[in-house]
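Top to bottom, those sequences are chains A and S. Start counting the first sequence at 1; every next residue gets the next number (UniProt numbering). Start counting the second sequence at 1; every next residue gets the next number (UniProt numbering).
Treat each hint with caution, since some may be false.
To be verified - Below, a list of computed lysine to any residue pairs in the SDA-like style, where the Cα atoms sit at most 20 Å apart:
1) S/Lys2 <-> A/Phe30
2) S/Lys2 <-> A/Leu35
3) A/Lys91 <-> S/Ile23
4) S/Lys2 <-> A/Asn31
5) A/Lys91 <-> S/Arg154
6) A/Lys57 <-> S/Ile23
7) S/Lys102 <-> S/Ala33
8) A/Lys91 <-> S/Gln34
Worth flagging that the hints you see were computed from the coordinates, not collected in a lab.
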Amino acid sequence: MDHHAILTDSSARAPARATSIRPAAVSFRFNPTALLIVYAFLLALGLGLGSAYWVLKGDPPFGGLRLGPWETWPKLGSADADPYMRAIVAKRGQVPLATGEGLSLTAKTDNEGRRLESGCTYRIGSVTPPARLWTLTLYDGDGRLPASDLGRASFTSSEILRNQDDTFTITLARTLSAGNWLQLPPNGPFSVVLRLYDMPGAAGTNLVAGNFPVIERVGCGS
Amino acid sequence: MKLRNRFLLATLVGLVLAGGVHIAAILAAPHFAQQDAFEKILPTLSAEQAQIISAPGGGNTWLPLPDPSVAVAACAFDLEDGPSRISAKTGAPFLSFSFHTKTDGVFFAVTDRAAVRGDLEIVIMTARQLDEARAAEDENDPSRDVRVVAPERRGFVIVRVAAPTPSLRAQAEEAAKAVSCTVDEEP
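Could you put the whole structure together from the sequences, leaning on the hints where they help?
As structure tokens, then:
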């Protein structure tokens with residue numbers, strides 16, 4: 001049993017301690033209740049802290065909004081953010097866009113729900129909700145801006161080339177493409193973040209998936 | 001009670017307590033965070049100008065997922081010394097202020113659309129300082145300050161200035177750095 005082990009251990013180390021501690025004074029009687037109380041407390045600590053850590057590693061569990069491939073937490077940048085959002089923002093060292101500033105949406109999958117992989121080619125288009133300015137940025141698996149031949153990892157609404165009907169198409173590929181091209185990182189998964197700055201009305205209301213750009217997988221090749 | 005039942009009871013008690021520990025840990029996390037934005041911005045408390053934390057172009061920054069088309073600057077405030085006055089000259093590109101605290105999240109945000117003749121100026125104060133300012137006010141000449149009450153004494157302001165094209169990046173960075181954060185002297 002553990003307790004014998006502890007006893008043996010303590011007597012073995014006794015010479016190293018101050019003389020006032022006498023191992024002979026320790027008396028022990030097997031007590032299952034004490035053992036069970038210790039077990040209950042350890043279980044509580046382990047499960048409680050473990051689950052808290054696990055939740056904080058991921059995205060906020062509540063208040064999410066899914067619009068096609070895009071995911072957002074409209075309350076993240078408001079005074080109504082729940083404790084999970086606050087804890088996650090603090091852990092990441094993030095400064096979320098406030099509700100009055102705009103809205104940020106993240107896509108980690110394409111429209112069919114497949115994970116975004118830099119080995120594939122994607123097309124993003126062709127409309128965005130009204131906003132004074134939007135930016136679309138690529139991040140690699142670690143959340144860094146990928147290095148690219150043109151030094152470009154993002155497009156803004158001012159830079160983009162548009163079709164005659166005001167729609168646009170952005171091509172995501174590893175190799176050079178015509179039109180609005182963003183170069184994908186050499187390998188691994190990536191994510192796309194769409195930020196809408198200064199939306200009319202309060203950010204996070206009246207959002208419909210149909211107003212957001214579609215992420216279409218064109219093909220995967222070597 | 002049999003040992004097996006006691007073991008089940010102990011497991012149940014453990015699970016219930018685990019729920020409590022989980023809630024306590026989540027609620028306490030923002031208070032004890034060492035790597036959050038507040039701790040990183042706090043050293044700029046004495047600066048009178050906003051300090052760049054993420055330059056446009058996405059260079060070296062601690063800010064997670066930086067937007068390369070936006071210059072982000074910050075200044076910390078401590079209302080102990082008096083109300084904090086944040087003021088910027090606005091131009092064509094998007095400019096916004098958002099006000100954060102360590103544990104209470106965002107409490108206010110405003111964009112350059114609210115600017116009056118190219119000036120955007122916000123005064124942050126505690127509820128007590130607001131009362132004092134109101135009491136000291138001349139009724140015939142009311143102050144035009146936009147006053148915002150902060151839920152906590154200490155916090156930080158984030159300034160975002162957009163650079164819609166790469167050629168505007170330097171200008172956006174200058175505009176973000178030019179934002180002043182000064183402490184109003186107590187009357």
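Evaluated hints:
1. S/Lys2 <-> A/Phe30: holds (16 Å)
2. S/Lys2 <-> A/Leu35: Measuring from Cα to Cα gives roughly 15 Å; hence the hint holds.
3. A/Lys91 <-> S/Ile23: Within the cut-off at roughly 16 Å; holds.
4. S/Lys2 <-> A/Asn31: holds (14 Å)
5. A/Lys91 <-> S/Arg154: holds (19 Å)
6. A/Lys57 <-> S/Ile23: holds (16 Å)
7. S/Lys102 <-> S/Ala33: The hint holds at about 9 Å.
8. A/Lys91 <-> S/Gln34: Roughly 8 Å between the alpha carbons, so the hint for A/Lys91 and S/Gln34 holds.
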